Amino acid sequence: MTANDAILPRESEASAGQRLDRARAHEDARSQIAARPPQSWFARKGGERMAALGKLLRTTAFKLTLVYLTVFALFAAFLLAYFAWNTRRLITEQITETVDAEVQGLSEQYRLGGIRRIAFAIEGRTRRPGSSLYLLTTAAGEDVAGNVNVRSLAIGILDHPGWAETVYRRVDEQDAPEHHALVRVDQLPGGFYLLVGRDLEERERLFDVVLAAGRWSVAIVVVLGIAGGFFVARRVLTRVDAMTETARTIMHGDLHERLPVAGTGDELDRLAVNLNAMLERIEALMHGLKEVSDNIAHDLKTPLTRLRNRSEEALRAAGNETQYRAALESTIEESDALIRTFNALLMIARAESGQARDDMTAFDAAEIVRGIGDLYEPLADDKGLTLKVEATAPTWVRGNRELISLALSNLVDNAIKYGAAAVAGANGQPAAILLKAAEQGDRIVLSVADGGPGIAPSDRGRVLERFVRLEQSRSEPGSGLGLSLAAAIAHLHGGELILEDNHPGLVGVIALPRVAVPVPAPVA
Amino acid sequence: MRLLIIEDDRDAADYLAKAFREVGHIADLAADGEEGLAHALDGQYDVLIVDRMLPKLDGLSIIGTLRSKGIETPALILSALGQVDDRVKGLRAGGDDYLPKPYSFSELLARTEVLARRHGGREEMVYRVGDLELDRLSHRVTRASEEIVLQPREFRLLEYLMKHPGQVVTRTMLLENVWDYHFDPQTNVIDVHISRLRSKIDKGFAQPLLQTVRGAGYMIRDSK
Chain A
0 MTANDAILPR ESEASAGQRL DRARAHEDAR SQIAARPPQS WFARKGGERM AALGKLLRTT
60 AFKLTLVYLT VFALFAAFLL AYFAWNTRRL ITEQITETVD AEVQGLSEQY RLGGIRRIAF
120 AIEGRTRRPG SSLYLLTTAA GEDVAGNVNV RSLAIGILDH PGWAETVYRR VDEQDAPEHH
180 ALVRVDQLPG GFYLLVGRDL EERERLFDVV LAAGRWSVAI VVVLGIAGGF FVARRVLTRV
240 DAMTETARTI MHGDLHERLP VAGTGDELDR LAVNLNAMLE RIEALMHGLK EVSDNIAHDL
300 KTPLTRLRNR SEEALRAAGN ETQYRAALES TIEESDALIR TFNALLMIAR AESGQARDDM
360 TAFDAAEIVR GIGDLYEPLA DDKGLTLKVE ATAPTWVRGN RELISLALSN LVDNAIKYGA
420 AAVAGANGQP AAILLKAAEQ GDRIVLSVAD GGPGIAPSDR GRVLERFVRL EQSRSEPGSG
480 LGLSLAAAIA HLHGGELILE DNHPGLVGVI ALPRVAVPVP APVA
Chain B
0 MRLLIIEDDR DAADYLAKAF REVGHIADLA ADGEEGLAHA LDGQYDVLIV DRMLPKLDGL
60 SIIGTLRSKG IETPALILSA LGQVDDRVKG LRAGGDDYLP KPYSFSELLA RTEVLARRHG
120 GREEMVYRVG DLELDRLSHR VTRASEEIVL QPREFRLLEY LMKHPGQVVT RTMLLENVWD
180 YHFDPQTNVI DVHISRLRSK IDKGFAQPLL QTVRGAGYMI RDSK
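As they're listed, the protein sequences go chains A and B.
Just so we're aligned: 16 in numbering that gives the first Met the number 0 is position 17 of the first sequence, and the numbers increase by one with no gaps anywhere.
Just so we're aligned: 148 in numbering that gives the first Met the number 0 is position 149 of the second sequence, and the numbers increase by one with no gaps anywhere.
Think of the hints as simulated: they come from the structure by calculation, not from any bench.
Please note: incorrect hints may appear among the correct ones.
To be verified - The list that follows gives simulated cross-link-like pairs (lysine-lysine, DSS-like), each with its CA atoms no further than 25 Å apart: (1) K55/B x K88/B; (2) K435/A x K416/A; (3) K100/B x K88/B; (4) K300/A x K199/B; (5) K88/B x K68/B; (6) K387/A x K199/B; (7) K416/A x K382/A; (8) K300/A x K289/A; (9) K387/A x K435/A; (10) K382/A x K435/A; (11) K202/B x K382/A; (12) K382/A x K199/B.
Since this is a predicted model, take the numbers as computed values, not measurements.
Pulled out of the complex, with its shape left as it was, chain A reads as follows (with noise of 0.2 Å):
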């Protein structure tokens, strides 16, 4: 379609070149000037339908049937072959026998009484109706007896005994055509030639059938062929078309367009639902992104605009070194929140896009939560809160030891905050925290309990996703970000983070594969 259209307006240019050249050389030319344009229409309109006939062309489909029919003619053509040359082969074969049978036949007359003898049989043998052809001759080459003129035979054929094909005819038809004839040519003893053959005729037209068949049979799938591909190409052609279409609408930016399906199940269709899916993926991954840097635009911009209020105040306010000194260290202990805040953003692209992959091994999950238990352990105790671990059998899972035990504190530090929370609200019985490792199935389930507010199934999505606190939770400090790491760290350990209900408070369980437990290296 290029192509034409590129050469269209070339061609139209020269001929205005023309048009100049000839209207100055004859003054009454006008009327050719004036049918020049419907002419390069038709020239145009020829020109795409070449190109649309290219574009035909140049299917996979097509190009596939080409190669079938091809491969499918040329198999048909050998097998015609092959069946022609058999049957070729097996009248031969027939020619011969008869011919050897005959010849001994002869002969053995020949043996009893002589050129007599012989000569008498070949005459009588020449009156059967469908005879075959005989001819005895002399050393010298008179004919002596038989059905076939000695002079109509190719040259030299008497001098070679053995079999020959030849041209021959019939004593009795001296001006009809040629006939081919399988000759066998035998010398008998006292010098006569004996001549004795059949008529190929049925021979060649048999092979003739067989050809004519093998040509019209080879040319009528040839010919079915190519409109099939046409057909078919056709038909893929104009579903790939509407794809392609739909394809640049989508790369124009309306990301919520769709593939047509046709319902068929086949290649195409699979195709297109697999393309969907992908472009389900890529608008929730571009929704995501743009959330993501609305929230991190709007995050990031509270503690800034806080650490500069403060820097403003103490430059206005602060009259002694203490107070600078003070205003230096909150600004620092801001800074320090921000960078954190970044860490973990950092930590959860990186996490999502599956790049600390490389690092995994086999470990118990037990330990890890033991350690964290013992880690976070007095800090609950400060808090009023008992921290129980029930985490004794061996888990074995795969990752990273140490963005597992990230996931598992965030969930222990959310439900220290939020369990402390409840503790000074409740009636002053001493809530817990409980951590445990269990196998559950072909998954190991780490779980954080806590008997804190809980969250809202209508909000377990939401507070998985970055910088999204609770309005109960907005008074506590913390960036919005626990659970978001936590929950990209369990996708990319190919788990999932699941928010439960512990009636009352939350269960934050990070579900992971199990492996199998490795069996330990032989001591040497």
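Given chain A's structure and the hints, the job is docking chain B onto it.
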């Protein structure tokens, strides 16, 4: 303490050198990898502070070259790549410590001092600070000859602090060396562990040994 700072960011290098000099150390500067390697090869330094990404020769290669020549000067790697696996790579290449950017100077100072002192190494079987004694073999801790019962984790915490008496030990150093965690927990869990330990070893004694260094970390010291 004599330091070599190999850092291509002029501002950061000058700031570091000035800060180290202020607390009484000698700091040399090298602006690229090759210059840094040349300095490290012929100078007598207690600690090398090496930026990971440098022009001409990167930080890990410098350390690799030094180690292959048998020079064991402790090296601390600074890097903007602060992720878990980057740290592992840095330590595998022969670095002795790893600090992701941005860092606080107090953290860097504490780690550098520990690295410099570690060269001499305090590896005796019994650590003593004032009247506090920690027997690493029998896991017994006594203060003024009176036994103090510690939990295993508390013992390791005290052991690490007493291994570096008079030196500032930061929270992240404790997390890394006592718990083997290289991430930063949201809450300061370490403070609670320290206050528990403190209540066991200092409570009832006139002379507190375990001190909090504001804005930096903790130090165990006989202040008499």
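Taking the hints in turn, this is what the structure says about them:
1. K55/B x K88/B: Holds, at about 20 Å.
2. K435/A x K416/A: holds (18 Å)
3. K100/B x K88/B: With Cα atoms ~16 Å apart, K100/B and K88/B stay inside 25 Å; holds.
4. K300/A x K199/B: Since the Cα atoms of K300/A and K199/B sit roughly 44 Å apart, the hinted pair is violated (cutoff 25 Å).
5. K88/B x K68/B: Holds, at about 20 Å.
6. K387/A x K199/B: holds (23 Å)
7. K416/A x K382/A: holds (9 Å)
8. K300/A x K289/A: holds (17 Å)
9. K387/A x K435/A: holds (8 Å)
10. K382/A x K435/A: holds (20 Å)
11. K202/B x K382/A: holds (21 Å)
12. K382/A x K199/B: holds (19 Å)
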